[in-house]
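Colleague: Hey, can you work out the whole structure from these sequences and the hints?
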Amino acid sequence: MRLKLESRAEPSRLMGYLSPLFAAVLTVIAGFILFSALGKNPLQAFYTFFIYPVRDLNGFAELLLKASPLMLIAVGLACGYRANVWNIGAEGQLVLGAIFAGGVALYFHGSESSLILPLMVVAGAIGGILWAAIPALLRTRFNANEILVSLMLVYVANFLLSWLVHEPWRDPEGFNFPQSKQFTEAALYPPLIPGTRLNVGFLISLAVVGAGYVFLNRSFLGFQMRVAGLADAAARYAGFNANRMIWLGLLLGGAAAGIAGMGEVAGPIGQLLPSVSPGYGFAAIIVAFVGRLHPFGILLASLLMSLLYLGGEAAQMGLQLPSAMTGLFQGMLLFFLLGSDVFINYRVKVVHPPKAPAQLAEAAA
Amino acid sequence: MTDHLIPILVAAVAAGTPMVFAALGELVTEKSGVLNLGVEGMMLMGAVTGFAVASQTGNPWLGAVAGMAAGAAMALIFAVLTLNLMANQVASGLALTLFGIGLSAFLGKPYESVSLVVAPPPAIPLLSQIPVVGPLLFSYHLLVYVSWALFAAIAWFLYKSRAGLVLRSIGESPESAHAIGYPVIRIRYLATLFGGAMAGLGGAYLSEFYAPLWVEGMTAGRGWIALALVVFATWRPARVMIGAYLFGGVTIAQFFAQGAGVSIPSQFLSSLPYLATIIVLVFISRNLATIRLNAPVSLAKSYRPD
Amino acid sequence: MSSQAPKASAVTPRIELRGITKIYPAVVANKDVSLTALPGEIHAVLGENGAGKSTLMKIIYGVVKPDAGEVLWEGKRVTVTNPAHARDLGIGMVFQHFSLFDTLTVVENVALALPGKPELGELGRRITEVSERYGLPVDPRRLVHSLSVGERQRVEIIRCLLVNPKLLIMDEPTSVLTPQAVRKLFETLRQLSAEGCTILYISHKLDEIQELCNNATVLRGGEVTGHCDPRQETPKSMARMMIGKDLPHPQHGAPKTGEPRLVLAGLNRESPDPFGMDLKDMHLTVHSGEIVGIAGVSGNGQQELLVSISGEEPISEKHPVIICGAEAGRMNPAARRELGLCFVPEERLGRGAVPRMSLSDNALLTAHRGGFVKSGLIKFSEIAAFATSCIKDFNVKCGGAQSEAKSLSGGNLQKFIVGREIMQKPKVLVVAQPTWGVDVGAAAFIRQKIIDLRNEGVAILVLSEELDELFEVSDRLAVIAKGRLSPTKPIKETNVEEIGVWMSGMWPDGGDATHFAPSTAQGG
Chain Z
-18 MRLKLESRAE
-8 PSRLMGYLSP
2 LFAAVLTVIA
12 GFILFSALGK
22 NPLQAFYTFF
32 IYPVRDLNGF
42 AELLLKASPL
52 MLIAVGLACG
62 YRANVWNIGA
72 EGQLVLGAIF
82 AGGVALYFHG
92 SESSLILPLM
102 VVAGAIGGIL
112 WAAIPALLRT
122 RFNANEILVS
132 LMLVYVANFL
142 LSWLVHEPWR
152 DPEGFNFPQS
162 KQFTEAALYP
172 PLIPGTRLNV
182 GFLISLAVVG
192 AGYVFLNRSF
202 LGFQMRVAGL
212 ADAAARYAGF
222 NANRMIWLGL
232 LLGGAAAGIA
242 GMGEVAGPIG
252 QLLPSVSPGY
262 GFAAIIVAFV
272 GRLHPFGILL
282 ASLLMSLLYL
292 GGEAAQMGLQ
302 LPSAMTGLFQ
312 GMLLFFLLGS
322 DVFINYRVKV
332 VHPPKAPAQL
342 AEAAA
Chain F
-13 MTDHLIPILV
-3 AAVAAGTPMV
7 FAALGELVTE
17 KSGVLNLGVE
27 GMMLMGAVTG
37 FAVASQTGNP
47 WLGAVAGMAA
57 GAAMALIFAV
67 LTLNLMANQV
77 ASGLALTLFG
87 IGLSAFLGKP
97 YESVSLVVAP
107 PPAIPLLSQI
117 PVVGPLLFSY
127 HLLVYVSWAL
137 FAAIAWFLYK
147 SRAGLVLRSI
157 GESPESAHAI
167 GYPVIRIRYL
177 ATLFGGAMAG
187 LGGAYLSEFY
197 APLWVEGMTA
207 GRGWIALALV
217 VFATWRPARV
227 MIGAYLFGGV
237 TIAQFFAQGA
247 GVSIPSQFLS
257 SLPYLATIIV
267 LVFISRNLAT
277 IRLNAPVSLA
287 KSYRPD
Chain D
-17 MSSQAPKASA
-7 VTPRIELRGI
3 TKIYPAVVAN
13 KDVSLTALPG
23 EIHAVLGENG
33 AGKSTLMKII
43 YGVVKPDAGE
53 VLWEGKRVTV
63 TNPAHARDLG
73 IGMVFQHFSL
83 FDTLTVVENV
93 ALALPGKPEL
103 GELGRRITEV
113 SERYGLPVDP
123 RRLVHSLSVG
133 ERQRVEIIRC
143 LLVNPKLLIM
153 DEPTSVLTPQ
163 AVRKLFETLR
173 QLSAEGCTIL
183 YISHKLDEIQ
193 ELCNNATVLR
203 GGEVTGHCDP
213 RQETPKSMAR
223 MMIGKDLPHP
233 QHGAPKTGEP
243 RLVLAGLNRE
253 SPDPFGMDLK
263 DMHLTVHSGE
273 IVGIAGVSGN
283 GQQELLVSIS
293 GEEPISEKHP
303 VIICGAEAGR
313 MNPAARRELG
323 LCFVPEERLG
333 RGAVPRMSLS
343 DNALLTAHRG
353 GFVKSGLIKF
363 SEIAAFATSC
373 IKDFNVKCGG
383 AQSEAKSLSG
393 GNLQKFIVGR
403 EIMQKPKVLV
413 VAQPTWGVDV
423 GAAAFIRQKI
433 IDLRNEGVAI
443 LVLSEELDEL
453 FEVSDRLAVI
463 AKGRLSPTKP
473 IKETNVEEIG
483 VWMSGMWPDG
493 GDATHFAPST
503 AQGG
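Protein chains in written order, with this note's numbering: chain Z, -18 to 346; chain F, -13 to 292; chain D, -17 to 506.
Hints are computed from structural coordinates only; laboratory data are not their basis. Keep in mind the model is a prediction, meaning the values are calculated, not measured. Treat the hints with caution; some may be incorrect.
[What the hints assert, rightly or not] Calculated cross-link-like contacts (lysine to aspartate or glutamate; reagent style DMTMM-like; alpha-carbon spacing at most 25 Å):
#  : chain 1 : residue 1 : chain 2 : residue 2
1  : F       : K287      : Z       : E(-13)
2  : D       : K388      : Z       : E(-9)
3  : D       : K99       : D       : D70
4  : D       : K388      : F       : E161
5  : Z       : K(-15)    : D       : E52
6  : Z       : K(-15)    : D       : D14
7  : D       : K379      : D       : E364
8  : Z       : K21       : F       : E98
9  : D       : K388      : Z       : E(-13)
10 : D       : K388      : Z       : D213
11 : Z       : K330      : D       : E386
12 : D       : K431      : D       : E309
13 : D       : K47       : Z       : E(-13)
14 : D       : K409      : D       : E309
15 : D       : K13       : D       : E154
16 : Z       : K330      : F       : E161
17 : F       : K287      : Z       : E(-9)
18 : D       : K47       : F       : E161
Modeller: Rendered as structure tokens:
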């Protein structure tokens, strides 16, 4: 007698919704175990990690503030992932977006024109698009794997940013620290909830989530991308242009990441620094999966992921745990999700050894 | 310049060794049809575990073994997800990397400013005194020689042994191999665990013997470069070695350039290995026929025996 | 004759199955199946596609475990745990879809299926010896990907023969052979049978079973509907056992041909795939109101020809492919559909339809030009209506327009795909393997629809590996062999033997379809 995984005739829609929930619950349980193992009171640790950060309006604003770039990037990535185009370099595209937007801010430093912010958004998008165009070109022209190319470019992007803030764009009055001049007010997002750091960029993210829904689920182009991801021979048969899917898949993610990068430097950071992101580009990959590549799921998943970030910071201060806990939880969440996903297409069955006809006849008698 | 050449080559070999381990391990895994993108995560886990054990016990070889075990343990998670639970191999590999980065950062916190006492590479008497050839072949740390033995063993295994033939056949067509009666899943498990152990060993070498220190994220993308190396080598062990040492060379080029007073910004030099990886990938991938002839046909595709 | 003629009870059956049952989540593959085969017997397992024959054989060979029932080998109960165990017992199996490895040599492939570690040089000698003894010529040192399909089958057979099997299972062996090669195979099988080897011959081809087998078990819907001696039956009586009624025949009518709609004018194509087939100087004309069939064993360039016509892999010049008068060689499939071309590929799941998408979404795949997309957005209710009427008009048994393509049986999905293409009112329809893996009822339906379409004036090109089917529907017939296309012949002026000869690449040169005169029903 043993357990067996049996293929379902049709995928379970219920499990499609429940699976991310299972994954979240399993992550929390794993967290409990982890906290106990580290000698911390699990209930107190749970409170510190998951409840304390959002206990007041300011905390809630912080939750949305971090969720904003996550949902933005994840929606862009999801478009590509649906088409089997694996943009893993969103972190680098984010950095390029920050650089381009920062470049605009520094160029017009001191000006008070209301055109600067929209220009920065466009510049950020362009930066991300250009950086994502490289793997797109190399994949369509030379068949080079976009996972590896986009990932290598993350390292290059970070080095580029490092050089810029150490050398040409370093603030001459910055005491030799590697940082650019701080942006003036015209180059910063106005706040959304006064007294908090939540800014107008959040509205842009929400708009992109909505647009992503229309694109993926209602547009013909989105349909083509889904076909390309599910059965590329069928996409060819239908006459859908495979190269166009690859370009779109990468550029949409790049644009989203670029705008998110702009949002970081025009928002909470307010200048260019050697690091402009605590790994949002990678966390967004997890958000995309946990959100089942669906814009509304992504919205919820981005809130969860944001909470993990805040929790990590709170744990560092309140529990003396390293902030690396965040990365740990993020990885665990994705693992649990991939594991629970199996129940969408398979069910567990108990298998008995086959009976001989004689035994069957006996049993029937 | 020429009397710098030998030290450069020697340094390149030492610098390329972590990638030799990781890439050879991943080669075996991929030959069975499994694409494990989690190499970076496994290397980091090997690095932190090796360093921690070596630091606690004072025995670096125990650390190396612990590093291998850590890499294999990570690979085990990946294997369960993809081979038993039929999860998507690309997503699972990414999850493994992210998890490995996070877990290693977490576990390594107490070791960040710890230093490890490491014995200098044993200079083989007489042999290493031979001009030119001596230092080039005989002045390395023991693990480098282990990596050479590993290369020979893997080459023999894949192309001269029956077990290697079976492995290659599984990579090409798991359905046919299963129809003939080979335990496809079990063999893929073994290949995946082996790949993990090798990645772990590569990481342990990096943190215990090459650096030697522990810093969060210290592999700095070497795991990804190892993946690119397997493609660049068109899945053949000898080319993996060449590629790994070339990359070792590019990695250390920045130090020699700085020492020689070349006035290129250090960030540009640091990005050379990554740019080189891209160029190399483009170069090898553009010939579709070559890829199709050498890549294991079932690579990254989920397989489930009835 | 629904019961087995009693044999002398002194002879122990080589293999006996009692009450075998195997149930999958979506289908009951085998239900209470019993079968007995004696030493030296050539025993047919007869049934249409989906009747459960392959599953039964996989149980005997240890690939699949039964849920109930027992297997008796030479009188003793056994549980076949895996194929290696089956081979130890003396059971060999030649699969319908070969289990060979393209990048390895013949010797390496054979070695993989043998126990222990055979020495490759010695093994090569044994292979040559067996191949000569049974008339199955093959060179042990060649890489499998360079072999033709017929040669690959020989490797599969030799692989089994090397272990001196007592039972040889052949699963649909003749679908990849020319008629002449089928004759040769039968000689080999008779030789084996005379030496005492039992042969289980799986097929749905009644005439072959009549020619070769001396005993038969008939399966329908997973259950045994009868045993018989094929030599004493007629195809009609066996067909009744197999499908429960008479084999349907389509109403043919006469073609009324018009202007050329699809022209291949010197099509040359080098395959980018190292394992592919190059096309050489192909000429063909298909006129409105006629069905042209192309016969050929798989691996002779059909795939390459189809993607050149459909546009899935366009060629570099535009003039060799002309659709409704326009030079279309460089166009992609969407552009060719604009010209009036519709196309049914040989792979249903994964190419003709997306398995995980609904029938409604799959309708959108090729029918989107019919006004179902406005301002870039999909008109969901309209396309669902299209899918629903397709389901109704083409008799597709399914759970409605929202059911997943994957959940349909092969025959029903094929009806949907054919229906989808026909409903787009094409001027040219190209169909590859129209009834492969499809049950008899659906096959007859599809063939009738194709003929009806021809009567409405559409130009139709059918590629198939089943000669019977081509002789049933085509007006003219050509052969594809080794990347070349033969001249066409009107169906009434040729027969299976001649086409069989042509399929080895030997046809008389001269006289090709471009000299066809539309006013007559004859041509060269």
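Colleague: Taking the hints in turn, state whether each one holds.
Modeller: Hint by hint, here is what the structure shows:
A hinted pair counts as satisfied when its Cα atoms are at most 25 Å apart, and K287(F) with E(-13)(Z) qualifies at roughly 19 Å. The hinted pair formed by K388(D) and E(-9)(Z) meets the criterion: a straight-line CA distance of about 8 Å does not exceed 25 Å. With a CA separation close to 15 Å, the supplied pair K99(D) and D70(D) stays within the 25 Å bound. Taken as a hint, the K388(D) and E161(F) pair is honoured in the structure, with Cα atoms around 20 Å apart against an allowance of 25 Å.
This hinted pair checks out: K(-15)(Z) and E52(D) have alpha carbons roughly 22 Å apart, not beyond 25 Å. A threshold of 25 Å between alpha carbons decides the hint, and for K(-15)(Z) with D14(D) the separation of about 23 Å falls inside it, so the pair holds. This hinted pair checks out: K379(D) and E364(D) have alpha carbons roughly 21 Å apart, not beyond 25 Å. A hinted pair counts as satisfied when its Cα atoms are at most 25 Å apart, and K21(Z) with E98(F) qualifies at roughly 22 Å.
The hinted pair formed by K388(D) and E(-13)(Z) meets the criterion: a straight-line CA distance of about 16 Å does not exceed 25 Å. With a CA separation close to 16 Å, the supplied pair K388(D) and D213(Z) stays within the 25 Å bound. For the hint linking K330(Z) to E386(D), the alpha-carbon distance of about 23 Å falls within 25 Å, and the restraint holds. Distance hint between K431(D) and E309(D) is unfulfilled; the C-alpha atoms sit about 29 Å from each other, more than 25 Å.
In summary, the hint linking K47(D) to E(-13)(Z) is supported, as the alpha carbons are separated by about 14 Å, within the 25 Å threshold. In summary, the hint linking K409(D) to E309(D) is supported, as the alpha carbons are separated by about 15 Å, within the 25 Å threshold. Taking the CA atoms of K13(D) and E154(D), the gap is about 21 Å. The hint holds against a cut of 25 Å. A threshold of 25 Å between alpha carbons decides the hint, and for K330(Z) with E161(F) the separation of about 23 Å falls inside it, so the pair holds.
Of the pairs offered as hints, the one joining K287(F) and E(-9)(Z) holds, with about 20 Å between alpha carbons and a cut-off of 25 Å not exceeded. In summary, the hint linking K47(D) to E161(F) is supported, as the alpha carbons are separated by about 17 Å, within the 25 Å threshold.
In the structure shown, a violation is registered for the earlier hint numbered 12 alone.
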